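What follows is each chain in one-letter form.
Protein chains: 2
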Amino acid sequence: MTAHILTIGDEILIGQIIDSNSAWMAEQLNLQGIRVTKIISISDTAEAIREALDDSFAKTDLILMTGGLGPTKDDITKKTLAEYYGVGMSFHEASFERLSNMFARWGRATTPAHREQCYMPDNAKILTNKAGTAPGMWFATGGKIAVSMPGVPYEMKYLMEHEVLPLIASTFPGKPIIHRTILTIGEGESRIAHRIQDIEENLPPHIKLAYLPNLGQVRLRLSATGDDLVELKKALDAQVALIETRIPEFIFGYEKDTIEKVMGALLVKNKKTIATAESCTGGLVAHRITSIPGSSTYYEGSVIAYSYKLKEKLLNVSSELLNTHGAVSEQAVKAMLKGLLENLGTDIGIAISGIAGPGGGTPEKPVGTIWIAVGDKNKTNTLKLQLGKSRSNNIKYTATKALDMVRHFLLENA
Amino acid sequence: MTAHILTIGDEILIGQIIDSNSAWMAEQLNLQGIRVTKIISISDTAEAIREALDDSFAKTDLILMTGGLGPTKDDITKKTLAEYYGVGMSFHEASFERLSNMFARWGRATTPAHREQCYMPDNAKILTNKAGTAPGMWFATGGKIAVSMPGVPYEMKYLMEHEVLPLIASTFPGKPIIHRTILTIGEGESRIAHRIQDIEENLPPHIKLAYLPNLGQVRLRLSATGDDLVELKKALDAQVALIETRIPEFIFGYEKDTIEKVMGALLVKNKKTIATAESCTGGLVAHRITSIPGSSTYYEGSVIAYSYKLKEKLLNVSSELLNTHGAVSEQAVKAMLKGLLENLGTDIGIAISGIAGPGGGTPEKPVGTIWIAVGDKNKTNTLKLQLGKSRSNNIKYTATKALDMVRHFLLENA
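Sequences listed follow chains D and A, in order. Residue numbering for the first sequence is 100 to 513, as defined by my numbering. Residue numbering for the second sequence is 100 to 513, as defined by my numbering.
Bound-form chain D, shown alone:
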């Protein structure tokens, strides 16, 4: 079973936005055993849409479209689809009611444009979009399926997860492709590949291994295709177990885990609380910790001390220490950690100070010099990073590393 993904809208064609929707959709379709053979971005004109539908339906039975469903004049996907299928459009009462209720909750009235959004092609199955105002649509004619969704990423994802993927699964029961993903932090792609080289070389032919590196993390994805799901799962489990014996210290989780989620679960398990003192990461560590629902049970708070003054005032770091060793030093992050634990009263703390760049570097401490301290009142682990020149990469990499240091600290001292 194959599919095409069709992205409608000029914003991709003029390079204003990067198409991240298609990659996500392709991944989801793959998990259901559907191979995406083409991803196409076209302009939002009726002619381009009709032509793309004809071209794709000549090659595949399933087209997933995003874009062009908004309430404004440039949004012509719905009208074009009705014309393409030669059907009229009718007012969809249920969609308008949902929309009106939504606006009523916000204390606002709907506009005529919102009413317009609820006229739907007569042959479409309407897919309720609880993440936005434009419903999705499912067209099935002569074994050919076209699905239309909004291009706003979280609306598309909502519709895919709650409506489209379940419908696809029941319409096209495919040959299973299953995946296991092993998540690692702390070692590069080539070194991991070297350590598991013989495992990779001896993989059975129906199992494939891919390395997906990203800023200090490497995901190892094993994929298997075949007829017998039970056998496939067993075969993948055996390979995962083999890999685990080789690189246990780098594996922090599986599948969709994140380091902040794994760290949070470990804190809950060990009944420990945590706080953070950030300088150069500027709140990203706190943001990632608190992005996990329920983090309030173990996360107390954070002090983001960009200036010397705040490091002194909120974290009791002496100006003498700062003047002697500088704010970017092992001494400084240790002192920040000590002050943090004293002032915020948590079991564990993270302290970070560094030069994220692009400015602020010196010959002794160039851009990318970053210190991290993680510990409790008895023990502290410190780490010095020497990263590159990209501010945004330095901040992200450091946050990941700091969260992983907490994981190691909890595993070693539990």
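Think of the hints as simulated: they come from the structure by calculation, not from any bench. Note that this is a predicted model, so its numbers are computed, not measured. Note that beta-carbon positions come from the ideal geometry of N, C-alpha and C, so glycine has one too. Watch out, some of these pointers could steer you wrong.
One-sided and incomplete, this derived list gives chain D residues near chain A with beta-carbon spacing under 10 Å [said to hold, decoys possible]:
| hint | residue |
| --- | --- |
| 1 | 109 |
| 2 | 212 |
| 3 | 213 |
| 4 | 316 |
| 5 | 320 |
| 6 | 324 |
| 7 | 389 |
| 8 | 442 |
Heads up, simulated DSS-like pairs for lysine-lysine below, C-alpha to C-alpha not over 30 Å straight-line [as the list claims (entries may be wrong)]:
| hint | chain 1 | residue 1 | chain 2 | residue 2 |
| --- | --- | --- | --- | --- |
| 9 | D | 333 | D | 307 |
| 10 | D | 158 | A | 178 |
| 11 | D | 488 | A | 495 |
| 12 | D | 229 | A | 178 |
| 13 | D | 158 | D | 333 |
Based on the hints, put chain A in the right spot on chain D.
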């Protein structure tokens, strides 16, 4: 003049990587007056490549390809192109010499795979790739151009800038397309459309308007094509000026601005410093402020107080106030702001408290209830948000709104 962009390789089709090359290429082509009418990702099979070339040459005279030029077995683009054009391949001495010299500088020898990379189709103009090992290729037959480049982003960019774009400019002297993007926060797509309806309806035929919404922000993009660049710029400026008069309060910037960048520039201009007290946004506001290089000149730091205890200890909020009104209340964010300004000593502060969800809601204060206070020691603006159930959307939307409130505060009180 139009072009298609063709991306070759399975990594995009299985969702392993996001195609960021195409957006960059499209932007560059647009600047040269070449309209990209289709972006296509296909598998790295000879059949898929041949089919895509035929399909695209039926619609356009210019195809830009990336991918499939590496040294491994799955890299078949070059061979397929030679077959497609019915030509042989010859050893390209100059390319091999360049490659050998490059490796000699690194103290390494070339491998047979590198020699293989220097066999080039006989009808190709060879494009020197100083950023990598695989040369680019330019095929011109009967007024139809195909260009093949490596998929590695910095190699593709090198070839585009140094070889491909200059060649395109001399081959197809184009009609310019220019864009202006107006960035707004604070009003939905339909309401903005309603307020500028007559402007949109009266746009001259060579100017197009598109709405690009995303979590509380709407970008309005005006695009114009024509012969006279000066005239086009004037025509777009006039439309931008018209729109500005209708929705001045919502416009925070233009083109690639971000609200955190615009807010930072306003703080610099007004010589003001800022600090943040975050609860439910958990550090995202601080992270966004500090993602801007140079933010240390106006950003002092932040207190992230998740617990009542820290709200009392670090922000001087009385337990009596918290017990009477709750942490999610106008009184609480005002008190947090007051404590923040006292303790951190900045000119301006942001205080946020709310229920991001998915847990923690009550009938009186359901999930998505969030209070923001922005102000200085003399004046405070507060705002209550009633958002949805998605923790991540609630956090992002609130952060955007808070940063925009600072912008408004600075404009009103400067």
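- Okay, which hints does this one fail, numbers in order? 4, 6, 12, 13
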